[in-house]
Amino acid sequence: MKYLLMISVLFISLVVHGAEDNFAFDTPAQRAQFLELTAELRCPMCQNQNIADSDAMIAHDMRRKVYTLLKQGKSEQDVIDYMKARYGNFVHYQPPVTAATMWLWAAPVLFVLFALIVVITRKNSRVDEDRETKLAKADAMLEQENQ
Amino acid sequence: MKKIPLVVVPLALFLLLIVFLFQGLFSDPRELDSQVKGKPLPAFSLPDLMSPSTIYTPDVFKGQVTILNVWGVWCVTCAVEMPFLTTLKNEQNVRIVGLYFDQDLDPDFGTKTLARVQEEVTDMLSRYGNPYAFNIFDVYRDTSLDLGVTGAPEHFVIDADGVIRMHHIGDINERVWRNKIGPLYNALLTQMNATSGDDATIDAEPNK
Chain Z
1 MKYLLMISVL FISLVVHGAE DNFAFDTPAQ RAQFLELTAE LRCPMCQNQN
51 IADSDAMIAH DMRRKVYTLL KQGKSEQDVI DYMKARYGNF VHYQPPVTAA
101 TMWLWAAPVL FVLFALIVVI TRKNSRVDED RETKLAKADA MLEQENQ
Chain S
148 MKKIPLVVVP LALFLLLIVF LFQGLFSDPR ELDSQVKGKP LPAFSLPDLM
198 SPSTIYTPDV FKGQVTILNV WGVWCVTCAV EMPFLTTLKN EQNVRIVGLY
248 FDQDLDPDFG TKTLARVQEE VTDMLSRYGN PYAFNIFDVY RDTSLDLGVT
298 GAPEHFVIDA DGVIRMHHIG DINERVWRNK IGPLYNALLT QMNATSGDDA
348 TIDAEPNK
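Just so you know, the sequences run in chain order Z and S.
Counting with this note's numbering, you get residues 1 to 147 for the letters of the first sequence.
Counting with this note's numbering, you get residues 148 to 355 for the letters of the second sequence.
Among the hints, a few may not be true.
[Stated by the list, open to error] Label pairs and their in silico Cβ distance ranges:
1) Z/Ala24 / S/Ala341: 55 to 63 Å
2) S/Arg312 / Z/Val118: 46 to 54 Å
3) S/Val156 / Z/Ala24: 55 to 63 Å
4) S/Gln170 / Z/Met102: 17 to 25 Å
5) Z/Glu40 / S/Ser192: 26 to 34 Å
6) Z/Ser75 / S/Leu261: 33 to 41 Å
7) S/Ser174 / Z/Lys71: 37 to 45 Å
Because the hints were derived from the structure by calculation, they are not lab data.
A quick note: this is a predicted structure, and the numbers were derived from the prediction, not measured.
Positions of the beta carbon are idealized from the N, C-alpha and C atoms, including for glycine.
Next up, chain Z with everything else stripped away, as it sits in the complex:
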């Protein structure tokens, strides 16, 4: 129990440290916007971290930029567009729906539909076979009894 507590405390301190920078905000809402944006923008250097987590210099600079843009009264979408204009769709963790990325959503649905069709058709055909074989067996047994 003691260890569990220690470990959890360790993780809490790490999470807090990750997003720590000396930024002062006008309103709590702006602060929340900043935290949300830095969590969903992806670091182009340390590719599987968001910019809130990453300690790469580019992540520092991007956090600073997000802060300045928010301070200027830009909306969240403005900031995302600003970063996309420089680093491409890659920089945002929410991919846009395009002809290429459409399959991310379509493929699982198609797979389930396909599987469903296969299951249904196979079930039907097997039932028919079983019934026929059972009938044949029954006929055979009747014939045996009759003899």
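Take the given structure of chain Z and dock chain S to it, following the hints.
The following block gives chain S in isolation, referenced to the frame of chain Z:
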């Protein structure tokens, strides 16, 4: 008759998966599609690293094919490629301009003086060779951000009209130059010479 397609379907899916994953072996995750390629340089007004009273704008790239090299003294790979870049400059007269940015220089706190940065740069260039026509000092790293720079070294091939034609992430070595950057650079040179007058041809002709 009915059973054949059911056997083929998983096999086909498996083959597709193999092709997909096999391609993945050779893809470079750091190779992002550059957003600045084909566009003119973003507007900037930055000082020279060595004499800060000189201010550069994107106009310094007009009229000459240039390789813009993003670097810093803290970058190990930059030191490794520096001798080769110097050879390119000396033997083929390639115009290389540095976009320098400092890692320790926190714009918000100003922990490092400019004199210290200049000292480090001079020291490094005297050790590995100086390939640069001049160095632009990206003080706040804003221009690097505008260019979509993720780290150092990175290179931009800029044509005579100041349009970015290639964004290369990583160092330039003999192989990269021969296969990727050199052909484009020489093509741009030929293109520039074809459009401009005869005087420019003599100036920009590579020595080799």
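Please write out, lowest number first, the hints stated earlier that are contradicted by the structure. No numbers; nothing is violated.
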